[in-house]
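Student: Chain by chain, the residues run as shown.
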Amino acid sequence: MSLKIDDKKRLLREMLFSRRFEERCYEAYVERKIGGFLHLYPGQEACAHGVLEAARPGFDYVITSYRDHVHALKCGADPKAVMAELFAKETGICKGRGGSMHIFDVDKHFMGGYALVGGPFPLAAGIAKALQLQKREEIAVCFLGDAANNQGTFHESLNMAALWNLPVLYVCENNLYGIGTRIDRSTAVVDQYKRVSGYGIAAEQIDGQDVEAVYAAAVKAVKHVRSGKGPFFLELMTYRYRGHSMSDSNAYREKAEERRWSKRDPIIMLRDRLIEAGKLTREDYKALDDEILEEIENEIIKFAEESPEPDVAELEKYVFAENDPWVNGGPANG
Amino acid sequence: MAEIMFWEAVRRAHDEEMTNDPNVICMGEDIGVVGGTYKATKGLYDKYGPERVIDTPISENSYTGLGIGASFLGVRPIIEIMSVNFAWLALDQIANSAAKVRYMSGGQLVAPVVVRSPGGTAHQLGAQHSARMEKVFMGVAGLRVVTPSTPKQAYGMLKSAVRCEDPVFINEHELMYNMKGEVPDEEYFHPLEGSETVREGRDVTLFGYNISVHWCLQAAEQLSQKHGIEAEVIDLYSLSPLDRQGITKSVSKTHRAVVVEEAEPIVGVGAEVMAIINEECFFELDAPPMRVSAVHVPIPYNHTMEKAAIPNAKDVVAAVLKMFGK
Numbered sequence: 001m002s003l004k005i006d007d008k009k010r011l012l013r014e015m016l017f018s019r020r021f022e023e024r025c026y027e028a029y030v031e032r033k034i035g036g037f038l039h040l041y042p043g044q045e046a047c048a049h050g051v052l053e054a055a056r057p058g059f060d061y062v063i064t065s066y067r068d069h070v071h072a073l074k075c076g077a078d079p080k081a082v083m084a085e086l087f088a089k090e091t092g093i094c095k096g097r098g099g100s101m102h103i104f105d106v107d108k109h110f111m112g113g114y115a116l117v118g119g120p121f122p123l124a125a126g127i128a129k130a131l132q133l134q135k136r137e138e139i140a141v142c143f144l145g146d147a148a149n150n151q152g153t154f155h156e157s158l159n160m161a162a163l164w165n166l167p168v169l170y171v172c173e174n175n176l177y178g179i180g181t182r183i184d185r186s187t188a189v190v191d192q193y194k195r196v197s198g199y200g201i202a203a204e205q206i207d208g209q210d211v212e213a214v215y216a217a218a219v220k221a222v223k224h225v226r227s228g229k230g231p232f233f234l235e236l237m238t239y240r241y242r243g244h245s246m247s248d249s250n251a252y253r254e255k256a257e258e259r260r261w262s263k264r265d266p267i268i269m270l271r272d273r274l275i276e277a278g279k280l281t282r283e284d285y286k287a288l289d290d291e292i293l294e295e296i297e298n299e300i301i302k303f304a305e306e307s308p309e310p311d312v313a314e315l316e317k318y319v320f321a322e323n324d325p326w327v328n329g330g331p332a333n334g
Numbered sequence: 335m336a337e338i339m340f341w342e343a344v345r346r347a348h349d350e351e352m353t354n355d356p357n358v359i360c361m362g363e364d365i366g367v368v369g370g371t372y373k374a375t376k377g378l379y380d381k382y383g384p385e386r387v388i389d390t391p392i393s394e395n396s397y398t399g400l401g402i403g404a405s406f407l408g409v410r411p412i413i414e415i416m417s418v419n420f421a422w423l424a425l426d427q428i429a430n431s432a433a434k435v436r437y438m439s440g441g442q443l444v445a446p447v448v449v450r451s452p453g454g455t456a457h458q459l460g461a462q463h464s465a466r467m468e469k470v471f472m473g474v475a476g477l478r479v480v481t482p483s484t485p486k487q488a489y490g491m492l493k494s495a496v497r498c499e500d501p502v503f504i505n506e507h508e509l510m511y512n513m514k515g516e517v518p519d520e521e522y523f524h525p526l527e528g529s530e531t532v533r534e535g536r537d538v539t540l541f542g543y544n545i546s547v548h549w550c551l552q553a554a555e556q557l558s559q560k561h562g563i564e565a566e567v568i569d570l571y572s573l574s575p576l577d578r579q580g581i582t583k584s585v586s587k588t589h590r591a592v593v594v595e596e597a598e599p600i601v602g603v604g605a606e607v608m609a610i611i612n613e614e615c616f617f618e619l620d621a622p623p624m625r626v627s628a629v630h631v632p633i634p635y636n637h638t639m640e641k642a643a644i645p646n647a648k649d650v651v652a653a654v655l656k657m658f659g660k
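Sequences listed follow chains A and B, in order. Once you know that position 259 of the first sequence is 259 in our numbering, the rest is easy, because the numbers rise by one and skip nothing. Once you know that position 125 of the second sequence is 459 in our numbering, the rest is easy, because the numbers rise by one and skip nothing.
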């Protein structure tokens, strides 16, 4: 299955938007508008966009790690609310309580970013268990990095997902590094898709820089999971352009390696294909980029900057449910 | 009002809640075909089937996480961890996922799971099967911790916990599953907050929870009969949040307090209750509050040493007599 021209052009816009959004986050962090830890996505755009193009964003349930902004956006989260969250504002998607690593948009079925490496493996299996129990059509899609596969939760969760035939697609965005440790220095078997064979799970390794290849593989994977054949594991070979987080100097990577990967930029590759096919001009692309930059600056950043901070008087809100009658032994005792 | 065993009360709560709501499931090691190590889910596998009564692999952190993930979509899992000693492994998912999602999502996502698990020192189970972990769970914001001392509480608390929107940890005790007690014939929901005065007294308050409530009651009886000291016994069935008001009210009445816990004293229930007393009603005190706690050691295998490590009713009596200078 391949994408139509209009879809490719929309994908190009979405991926470029993701790139510019993240780059603007970088600037805002340097300006100290964003605090805490910030893990950026440039270089890996084809992964979230390619896979979720094949799934149904806003319908299927998506969960991921702390590198989560772009997955949330692709699910339909309002970029203004995501940026306001990074700016720690009350208008943020989690009312300024979550931050970069914990973006949630439950209405859009984006079930969150989690900051314990490997934590979402069982949560995704649980979402899939609920979908199976409730006989629903949605599937669970779990995006995590290669380094998460060295956690016990990877093995424990894949075992249960296979054992109970759960409708979950595990996507491994293999960017070759767990913070600063290269995969061959941390992992005995470097090809991650091979590691799931012990659980009898269908798996494939795909070029994660080519959004069309990711999409094609994901269509098959999603079909497999949605048709009741159980979990699927998709390994996408990719690369992040920046360090693991803003506090990472990125000194551990060879410049030659970085140059090699930058030549296979997912956005430029798609752009050039559209230009070669005569469906886009360089001017079109420049206009698109300008339009995105303007939207980010004049609407998204403006909204985040002008929004109010949360009220400290509400510090203890959201710890427990409010007025839950069962705490007092039910409505009869209320 | 029928007298039934503790395990039967837990089992009945499971059964009623599973009949009431098809989204209620239970999961854990050996809970299905075998019916549970302490029979808390006996017969439910045959009644509700393997989709809802799930025998899990021995993967405590991930099956707990799986239950939490299912709860995001309205499933109400009752997760049994065979022994709290194994709950250390599940602490990541309980503390980092279940307890925090409501807060960090700004109220969007909730994890209404129940995790129940027996702790405590039983009979020569050794250091790695004798832990008391309530102090660990009490320190986690966003998690409710309750601990039943009777079959009635065990039944009613599990039913309330299943329906509550918050994650609830129910701390049971390995030695208490065969304890008998009266449970209402009609449906009953026990509060998840507060405390209960199980014996009125004027001279000293004995604070207990779970198994130590029974030591307190035995001690109170002896103190009354042999020493003329009338002890009030408060059952702190909710460990998080602790009932500040109930603690203050009783100490303001008796002016003396002894906290009795099966766990080690370090950063424990006793320490917390004494801090509350200091903060709320220090000037009501006629004597410094005391703790009766376990010795701070890994629990030994040797039976005599094991008994020496854990307090009992005699220790409670001795502490009260010391407080009264007798």
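Calculated from the structure, these hints are not laboratory results. Check before you lean on any hint, since a few could be wrong.
[Stated by the list, open to error] If you anchor each label on the Cβ, the simulated ranges turn out as follows: (1) B:457 x A:32: 52 to 62 Å; (2) B:519 x A:188: 22 to 32 Å; (3) B:353 x A:322: 25 to 35 Å; (4) B:632 x A:309: 40 to 50 Å; (5) B:457 x A:248: 50 to 60 Å; (6) B:512 x A:188: 27 to 37 Å; (7) B:583 x A:302: 51 to 61 Å; (8) B:656 x A:315: 34 to 44 Å; (9) A:333 x B:512: 52 to 62 Å; (10) A:185 x B:642: 26 to 36 Å; (11) B:457 x A:309: 21 to 31 Å; (12) A:188 x B:461: 30 to 40 Å; (13) A:313 x B:560: 49 to 59 Å.
[Said to hold, decoys possible] Straight-line alpha carbon distances no greater than 27 Å define the calculated DSSO-like cross-link-like pairs of lysine-lysine that follow: (14) A:135 x B:381; (15) B:656 x B:514; (16) A:317 x B:514; (17) A:4 x A:220; (18) B:560 x B:376; (19) A:9 x A:223.
As the structure is a computational prediction, the values presented were derived from the model and not from experiment. In this text, a Cβ means the ideal position worked out from N, Cα and C, and glycines have one as well.
Student: Under the constraints set out in the numbered hints, which ones does this structure not fulfil?
Tutor: Failing hints, ascending: 2, 6, 9, 10, 11, 15, 16, 18.
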